[in-house]
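There are 4 protein chains.
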Amino acid sequence: MTERMKAVVKLEAAPGAQMTSVKIPEIKPNEVLVKVKATSICGTDVHIYKWDEWARRRIRPPQILGHELAGEVVEVGKEVKSLKVGDYISAESHIPCGSCIQCKTGQQHICANLEILGVDRNGCFAEYVAIPEAVAWKNDPELPLEFASVQEPLGNSVYATLVTEVAGKTMAIFGDGPTGLFAIGVAKVSGAAKVFAVGRHPRRLEIAKEMGADVVLNEREADVVEEILSATEGIGVDIVQDMAGTQAAIEEGLEVLRKGGRFTAFGIPPEPVRIDLAKNVIFKGVTIYGINGREMFDTWFKVANLLGSGLLDISPVITHKLPLEDFERGFELMMKRPKVAAKIVLFP
Amino acid sequence: MTERMKAVVKLEAAPGAQMTSVKIPEIKPNEVLVKVKATSICGTDVHIYKWDEWARRRIRPPQILGHELAGEVVEVGKEVKSLKVGDYISAESHIPCGSCIQCKTGQQHICANLEILGVDRNGCFAEYVAIPEAVAWKNDPELPLEFASVQEPLGNSVYATLVTEVAGKTMAIFGDGPTGLFAIGVAKVSGAAKVFAVGRHPRRLEIAKEMGADVVLNEREADVVEEILSATEGIGVDIVQDMAGTQAAIEEGLEVLRKGGRFTAFGIPPEPVRIDLAKNVIFKGVTIYGINGREMFDTWFKVANLLGSGLLDISPVITHKLPLEDFERGFELMMKRPKVAAKIVLFP
Amino acid sequence: MTERMKAVVKLEAAPGAQMTSVKIPEIKPNEVLVKVKATSICGTDVHIYKWDEWARRRIRPPQILGHELAGEVVEVGKEVKSLKVGDYISAESHIPCGSCIQCKTGQQHICANLEILGVDRNGCFAEYVAIPEAVAWKNDPELPLEFASVQEPLGNSVYATLVTEVAGKTMAIFGDGPTGLFAIGVAKVSGAAKVFAVGRHPRRLEIAKEMGADVVLNEREADVVEEILSATEGIGVDIVQDMAGTQAAIEEGLEVLRKGGRFTAFGIPPEPVRIDLAKNVIFKGVTIYGINGREMFDTWFKVANLLGSGLLDISPVITHKLPLEDFERGFELMMKRPKVAAKIVLFP
Amino acid sequence: MTERMKAVVKLEAAPGAQMTSVKIPEIKPNEVLVKVKATSICGTDVHIYKWDEWARRRIRPPQILGHELAGEVVEVGKEVKSLKVGDYISAESHIPCGSCIQCKTGQQHICANLEILGVDRNGCFAEYVAIPEAVAWKNDPELPLEFASVQEPLGNSVYATLVTEVAGKTMAIFGDGPTGLFAIGVAKVSGAAKVFAVGRHPRRLEIAKEMGADVVLNEREADVVEEILSATEGIGVDIVQDMAGTQAAIEEGLEVLRKGGRFTAFGIPPEPVRIDLAKNVIFKGVTIYGINGREMFDTWFKVANLLGSGLLDISPVITHKLPLEDFERGFELMMKRPKVAAKIVLFP
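Residue numbers (our numbering), protein chains in the order written: chain A, 1 to 348; chain B, 1001 to 1348; chain C, 2001 to 2348; chain D, 3001 to 3348.
It is possible that some hints are incorrect.
Computed cross-link-like contacts, SDA-like style, restricted to lysine to any residue with a CA-CA straight-line distance of at most 25 Å [stated by the list, open to error]:
| id | chain 1 | residue 1 | chain 2 | residue 2 |
| --- | --- | --- | --- | --- |
| 1 | B | 1104 | C | 2309 |
| 2 | C | 2138 | D | 3233 |
| 3 | A | 138 | B | 1230 |
Think of the hints as simulated: they come from the structure by calculation, not from any bench.
One chain only, chain A, in its complex shape (with noise of 0.2 Å):
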């Protein structure tokens, strides 16, 4: 193996990265070393790349980016048990401590210190990364590359999206992002009875159709909680799912959910928010889950068997494909994506 490798890094406490040579990364005993043959562009990689306020008070440069892949085991640390070289593997970003009263009781995805990948240690927009045993999935060796590396965003709509039966349920899913794309997919293959998608983008709201929404609905032109209160006979969905983090999103979510409904908030506020707890949460009896991550490894689980059984499409969410010498192109599309991209996957 040649000792270095070409990599996106951020050099600095500036906006931008570049790609350049460093030193292919070395293993601890309970690491492997993977080649990297997928791996895609989520909306944190583009903060950083940014270099908004979030990512100058939590990233310390020089950091390679990116935490979504798809490649191939080449080395294997001493202490590794479960996996072996030439093994395809994807990994989940959350590396839990396996330490706190979170890790002990299941809720690894929350660990009280959590190391994220491409956030807290370097990441695999890269030739090569190095990913703990701990959180490595190995793929069925027939699941495309580009299935597979978005895996993990897709695993944050599985677990937002079925964190409750939807079979036979109606639901209202706001934001057009790949999560909420991705979402709605989830919903429509696992019996949601009928999807409302909201979104802002007229593109994306094409994706939605073609992923299974029944009714689509642009907040930029529509009345909103108007139109789904009306088609449920005033009575509201029986599930929201706030994939969108905004104040109109999460409050218009509230007002077309039924009484004792279900509010997932997965979508990520800026500020705090206001909620009207009285009217929208308490006398409604809703249940709102908090959802961050993707439960280890039980949405592993259900992703694999979504895209492996065939049931769940997810290709008209992954809108371009471009060689990770690109990924200034990437980070471009991603910026203005709304209009012309939802999901980039780059090919080292």
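Start from chain A and add chains B, C and D according to the hints.
Just chains B, C and D now, kept in the frame of chain A:
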């Protein structure tokens, strides 16, 4: 309204039933009179027709048979509030008392004092039937009559299948009767990744395929346990659902269930069964759900939504449509039905 | 039976209420007439008495106040089946319509068309009250009148506290009103390992201690967040229950809740609240349960069993027993109650 | 550290065991060496001691017995991160593989490749024992040694009892062995309103009373089914928990369980059992939970909290404390134990 009607009646304590002319039922203040438009034959009706041991203990002739129906409200009792003449309804066949602890805690379907339509009171193999408001279910006017009629047994399958989430899971469904066949469809449209259907009648197993079963096993030909275990790398399936009610199905089902899995017991074994509780339930950490009837009315909403949305197509299971006058042919088909028939709908 | 009775009536759209003589209510066929033996004052009654903004919008005088009671059935409507003259009953104050989706799926307590005793129809601060059979609850003859009367608010606390299991868990309960104080007792007898009680009134916090709180914090004196976090090694508690309904309680509650914890929202904030959804709900993976009323009648069975078994002693919360004639003193105590009183029971 | 230690060893494939001198175990990189301070005798140890059929199939002598313990870490493997010399620990006896589907989805306690301490590897009836970091549990320094040692079987009872909520419910617990007696205490401090304890040994049933049982029934004298049904107005109890593992207990338990109730199967029947699945599970709508081991580590947190808070006092169940040297007397007491003993703790 004429004062008499045609009805299929068990006239005496002996096998068979006769079409005869009886009085149109008078309704109580809390009941509605329904003109029956479609009614379907259940295994329970066959037990009564054949006059088997269970029937001899339970049924007090004369008794109008039948409990699955679709019809139109033609008269409304004076205490009835939610129904009016002209409503298109079906009915929950389990009539709860409303006062027992089960009824008071959301378990009306297993009411301690359950009265069953067509079993404990006159049924719907007739031109008219009296239905208590509390068990009437208003149908979507678009729903075809034969689908509306079979919602009751379909509800069994929906309740049994969706008692816990199936999306992204593997399942084995034992039993190729109508409820087993319905369950396959319900499981698949609710995201079950791989469904093994186990039965014994080639005609039924063809329908199982049409309903979406991924693997179909004829227990007379295949080594069911061996096939399912080898198809799951020796692990077993996440969920086993018994809709057969035989010692063999229950035993084999528990064998092919993975540790930590769910077992749904719906099929009624005529005798107590032998269960290796230590090996297959306790050490495996299995949960067994005994399922009877349908949740009132959670299940009905799911049934209506799955049918109404077009997600679930149950037409392959409805093999025969006959005029009510041909009920004897219907019963004959049912008795030898595994070879030629699944669900039979009668039209008065 | 005499034709008139004494009752506490809001006669006009203005503060206060008067004891006056009114007609004994006539019952409908599905109702019973109850001779009131004990009735207790709720915060809602105080809102109506004070004639605040909510009351002005909701209440249509003349209106008999009161919705918590214990009494004896003295007359039975002709459709009533499960009650007879002489029965000792209390009543669920939420009268469900029976027809909406909530009523049809076991969520009657949040019925879409809820009618509330003493709010939307005449209440029980009177010698007699008409109660629909559907909301009557038969008491154990041994249950003391004042305990029987407060089962309704105690039910709030039981439902809110036991919405998920508390045994072996740590909890913080915010709010030192009667429902908060009841909740402490419910939590402790149900196995909550450590309960932090947060309030602001020294007299109430003494009662909190008597109800079993392990740690009592006066929010006017203590740094609640700091105290609870330091007592839990910085992790936070497993469960936070807000029975206060203030911005501060909700905000602090979410701060001291551990990742993966449960938040119960019961206290009614008069205004929308600001919630740091990203930090305290989504990244924490928190589930929020909005709680209103009591489950019909799961909660009532638990209330009756906890009281009847002697496990739960609520007598420290009942600080005053007065004749109904002294209702004005009762309301005065309630309005300045935090200093001197918790729950007040009136005897007609 | 001396190189040899005393240990109770099954030296050959025959009944009995001997105290002998063996090498102190060498630890692997992921293990700690523990100086045993207290260790308790389980029924499984008795099976091995007696050399019954199960033991002959499973055990490969020479084998150090014992799997319940409290002790002090005296040496730490070089991969161990969360433990240090001097830590006061107990241990989960189920050592999971970490790679199977059960381990990957929060069901490590029923790992497909479970290795059990004192069964599949050397146990803790010795001065020292090697414990994998993954199953070590750090104790509160205040916890008495004998309580710390019996947390493992107490965990069985906590998991079995609290698998669904018991607060405000009625229960029948069959079996008067230590886990049955523990379960009574757990149920009562968790709010079970009325607990019927069913056993057959007068000494044990006295302990049942001390643990809080409301009604104690000796199955050799009482008609258990009749007594429980008549005490529950013919309805039956909400929850039945079998800690006995006999055909009679399981059958009677299902008879006295109410419709819609929960059945917990924990006791291990030596043979398959006959169950009237139709009558007592399906028509009743019962859910059966097969319980083995303890949830890792949800159960351990609950155990520690219930003991540490002082809510749960298990001392009545610990009938004997002996030096490890007297292990033979301990086994003799265990074998005839129902008459004189419940739980026996040994001190090396």
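Given the hinted pair residue 138 (chain A) and residue 1230 (chain B), is their Cα-Cα distance within 25 Å? Answer holds: residue 138 (chain A) to residue 1230 (chain B) is near 20 Å, not above 25 Å.
Proposed proximity, residue 3233 (chain D) with residue 2138 (chain C) (alpha carbon, max 25 Å): Roughly 15 Å separates the two Cα atoms, so the pair holds.
Do the alpha carbons of residue 1104 (chain B) and residue 2309 (chain C) lie within 25 Å of each other, as the hint requires? Judged against 25 Å, a Cα distance of about 20 Å means the pair holds.
Consistency note: the structure conflicts with none of the earlier hints.
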